[in-house]
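Once you've looked at the hints, dock chain W against the given chain H.
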Amino acid sequence: MSSIFWPCDVARSGFCYGWDHPALCVAGVLEAEEDSHADVLLQRAARSAEVQALIKICGTPRVLGRCVFSSFARSSYPQPDVEMFCGPSRACSTAYIYYHRHDANSLRFYALGSNGTRLFDLQDEVLRSSLKHNFLHTALSRNASDTGQVLVNQWNSAKSLEQLIEHEQRAQTTVIQEPNTRFKETSNLTAINKKIQRTIDGIQSSTNLFWRVASFVFVYSREFSIVVQQIESRARKLRRLLRGVQPVSNGDVRLKSSQYIEFYNTLWIILNDLIIGIALRQFLRQDRQAFLHLFKFAFEDKAVHRIRQILLWLDSWPAGLKLNTELSRFYSHSFMGLIALWNRGFRTVTPLIPMSLSALEFGSALGVTMALAMVCDLVCIFMAHVQLCYLVSVTVYGHLLRLVASLWNLFRGRRHNVLRNRTDPWDYDVDQLLLGTILFTLVAYLFPTVLVYYILFATMRVSTILVYASLETTLAFMNYFPLFALMLRVKDPQRSPGGIYMRVEPTRGGNGVDVSVESYTLPLAVTFNQYVELWKRLAKHYHPLRLVWYVVSGRVLDTIPRTCVHSTT
Amino acid sequence: MQRTRPLPDCHPELSVIEWPSFREYRVENWRLARDGSGNVVRGATSWGWIDLCLPVVISFIWPRFRGNTMLWAFAVLVVGFTMYCRCVQVLHESVLVFPAYGIQLETHRGYPLLKPLFVSRRFIHASLLEDFIINEGLRRWNVRYYLAAVHGSSTDKIALDVAFENILPHFPVLLEVYQGVQELMFYNHTNNRHTRI
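Protein sequence lines, in the order shown, are assigned to chains H and W. Note that the numbering used here has the first sequence beginning at 1, numbered continuously upward. Note that the numbering used here has the second sequence beginning at 1001, numbered continuously upward.
No lab work stands behind these hints: they were computed from the structure. For every residue, glycine included, the Cβ atom is placed at its ideal position computed from N, Cα and C. A portion of the hints provided could be inaccurate.
Every beta carbon over 12 angstroms from chain H, so not counted as near; a handful from chain W, in silico [said to hold, decoys possible]:
1. 1008
2. 1040
3. 1050
4. 1061
5. 1064
6. 1067
7. 1074
8. 1084
9. 1088
10. 1089
11. 1122
12. 1175
In the DSS-like style, the derived pairs of lysine-lysine whose C-alpha atoms are separated by at most 27 angstroms in a straight line are [claimed, not checked]:
13. W:1157 x H:536
14. H:491 x H:237
15. H:237 x H:256
16. H:536 x H:237
17. H:237 x H:195
18. H:540 x W:1157
So that you can see chain H by itself, here it is in the shape it has in the complex (with noise of 0.2 angstroms):
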C-alpha cells in the first residue's frame, strides 16, 4: 500500500526523478529519450556547488521510472502511468500522495514544526520514562526521528532542484544577473556594517580617557536611565537590520524565511514608531501651553504641597492617634526639609521645564517609544523627593523590624545560630535579657510612629512603581510586537507555517479520493511567544502581592533591573 508523493503541477510525459529515500518523491519529470540520458542529464546537475548543498540536506536524486500521461485529465489533480524502476514491482495501479512544489524565491515551504502540545507537557521523568518504555516493542536508535525532516526538505527543495537541472540543459555559462547586482548593494552595507563595528571595538578598547570616561558613564548610566536604554536597543537593532541583508545559501528556507521575517519585522516595527511619534509631536506642539500649564501648577500643588499638608496632619495626632511627639516632630520637620529642598531645586529649574517640553517633542520625533522613555525618566526625577523621603524611613523601618524579630527570639529563649542557619535553644544572662527588656521598651513605644510614616511614603512609592511598571510594560510591547509576522499570516499562510496535514478530497470523478499535502498556519502562540516570556518576567517582578509583601518586610521597593527586560531580544 505504499504512495508515490507526485508533484501537483507536473503533468509531462518522460522520465521522473526525484528520491527514493525515505519514500519514493518524484521531483520532477525529464523529456529524454531514454533513461541513460537522463541519468547523465542528473550525473551532470548533480557536479554544481547547489546542488552539492541540495543533496546534504536531502539525499542525492536519482532517475525512478517512466511515466505517461493519458490525454484526458479528469480529475484536477495529475494522473500519471507509472513504471518504476525502483521497490517492489506492482502490477496494481499506484496511489499517489500529491504535494506543491514552491518556488524557492516564493519564500513559501512546508515545516514539519513543532505541532504545539496538546494536552499537556509531560515534564516529569518518571511519567516520560514509563511512557517511552515499551515491553513489546524493541528500541531502534534515534536514526527514525530524522526521516520526517529529510521527506520535508525534499518537498521544499523539488522546485529549485528542477530549475537547477533546466539551467544545467541549458548549458548557459553565464551567471544568473540577480544575485550579482544584490550582492553588490549588500556589499556596501556590509561594508558599513564592518566600519561599525570596528569603530566599537576601537572605542572599547582604547586608553584614550575621554573614551575610558565616557564608556564608564555609558554602561553607569545605562542601569538608571531608560533614555539610554532606549537609544542602546535602538541602536542595536539597526545594526541589526544592516547585518541583515545578506544572501544565505540555498538550501534551507526555512533560514532564509526566517531571517527576512525578522528584518521586516524590525523595519517595520522602527517605521511604525517613527510614524505614531510624528503625530504624537504633531498633538505636544498644538497643546503646548496647556500641557505647560498643567504640568507646572498640577504638580506642584500635588507633588509638593499635599505631601506638606499630609506631613502636618500627621504630625499633630492623625485621627486620634497619639504618636511620640517628639519623634514624630522631629520626623515630619526633617521629611518637610528635605521636600522644601527639592522644591526650592524645582523651583530654579522651572524656567527649564519648556526646554524639557521641547526635547520630549524631539524626543517622540525619533518615536513613540522614545518619547515613553523619556516620560519614565521624568516621572523618576520629578519623584525623587518622594523616593528619597521613602528610602530613609524605610531603612528606619526595616532595622526596627529587625530588631522586634530578634528580640522576639531573646523573649523565648533562642538564638539564631548562623553556622546551621536555624534558630536553636539558647541561655540568656539576666543582664543580656535585661537590655533586651529595655530595647523592647524602646521599640513598642516608637514602633506606631515609624509605622505611621512609613505607610505613607510606602503608598506614595508603590503608585509611582505602578506607573512606571505600566510605562515600562508599554515600552517593552511596542519595542518588540512581531507585526509582520501577524500581516504575514492574514497575507500568505503558507510562507508561515506551523505543520503538516494530508487533506484528503474526493475526486470529480467520484470514485476515489486525492490525498494532497497541505500546511497550516503556525498557531498564535508560537508568534506572540516572546510576549508571553516578556508578560511573565514582567508580571513576576511587579506582582501585586509580592508589593504588599516587600512593604510589610521593610524591604526596598525597585524598578525591573535591566538585563530581565531586554534579554529577550
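Frame of chain H; chain W shown alone:
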C-alpha cells in the same frame, strides 16, 4: 475503496475504509442503545423539539421588540447561537493511517444532513510517533478508556493526542482501531516482529 464494519452487532458505528494509499477508521456520532433494543441513539441531531419552541417564543415577544434595538440584537444573537450550535456538531471522527508516513486524527463537524463544514486535522509523522496506546482514565468512580498517540516534538517534549476525542467510543471499538494501527505502523513484515518505523 472498500468499506467494512468490523463490529456489526454491538458497534456498527465503526467502519473501516480501505483507500489506495491509506486506511481510515471512522467512528460516526451515533450508537446503538445499550439496552439491547437495537434503537439508534444519535449524537448529532438535525432538529429537536426546542427548535420548534424558538419561533413560538419569538412570536410572543415580537410585539415588544419593535422599539427596542437591544432586545432585538439579543434575540438575533440567541438565534445565531442556536444555529451555530446546530452547525458545529460532530458528524464523525476518524483515524487515517498512512503506512510508513504517519497517522492523522480528524474531526468532521457540520450540520447532520449535509457534508461536513469544518474539518480539524492533526497529522503526526511516523518518525515523531512513539507509540499508539489505549490509556485508562479515571473519572470520578468510573474507568474510561481512550486512544492516544504518543509523539515527541522537535523540542524533545513528549505529548499525547487523543483519537476520537469528542465521541470517545467504548473499548471494543478502541481495541479494533488499536490493533489495526499497530499492525500497519509498527509491524515490520520482514523481521516478523514489532519495531518502530
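> Does residue 1084 of chain W really sit off the interface, with its C-beta more than 12 angstroms from all C-beta atoms of chain H?
Replying inline: Non-interface label stands for residue 1084 of chain W: nearest chain H Cβ at 22 angstroms, farther than 12 angstroms.
>> With the threshold set at 27 angstroms, check whether the alpha-carbon distance from residue 536 of chain H to residue 237 of chain H stays at or below it.
In response: Holds, because 23 angstroms separates the two Cα atoms, which is no more than 27 angstroms.
> Does the no-contact call for residue 1122 of chain W survive, Cβ to all of chain H over 12 angstroms?
Replying inline: 7 angstroms, violated
> Taking C-beta pairs only, is residue 1040 of chain W more than 12 angstroms away from all of chain H?
Replying inline: 26 angstroms, holds
> For residue 1067 of chain W, is the shortest beta carbon distance to chain H beyond 12 angstroms?
Replying inline: Given that every Cβ of chain H is farther than 12 angstroms from that of residue 1067 of chain W, nearest at about 40 angstroms, it holds.
>> Check the hint pairing residue 237 of chain H with residue 195 of chain H against an upper bound of 27 angstroms on the C-alpha distance.
In response: OK: residue 237 of chain H and residue 195 of chain H at ~16 angstroms, within 27 angstroms.
> Holds or violated: is the Cβ of residue 1064 of chain W farther than 12 angstroms from all Cβ atoms of chain H?
Replying inline: About 42 angstroms separates residue 1064 of chain W from the closest Cβ of chain H, which puts it past 12 angstroms; holds.
>> According to the definition I'm using, a residue is off the interface if its beta carbon is farther than 12 angstroms from all beta carbons of the partner; does residue 1088 of chain W meet that for chain H?
In response: Since the minimum Cβ distance to chain H is about 19 angstroms, residue 1088 of chain W lies beyond 12 angstroms and the statement holds.
> Regarding the assertion that residue 1050 of chain W does not contact chain H, is the least Cβ-Cβ distance greater than 12 angstroms?
Replying inline: 32 angstroms, holds
> Taking only the CA atoms, is the gap from residue 540 of chain H to residue 1157 of chain W under or equal to 27 angstroms?
Replying inline: Answer holds: residue 540 of chain H to residue 1157 of chain W is near 25 angstroms, not above 27 angstroms.
> Given the proposed pairing of residue 1157 of chain W with residue 536 of chain H, does the C-alpha separation stay at or below 27 angstroms?
Replying inline: Cα-Cα ~21 angstroms, so holds.
> Is the nearest CB of chain H more than 12 angstroms from the CB of residue 1008 of chain W?
Replying inline: 24 angstroms, holds
Checked against the numbered hints above, the structure violates only hint 11.
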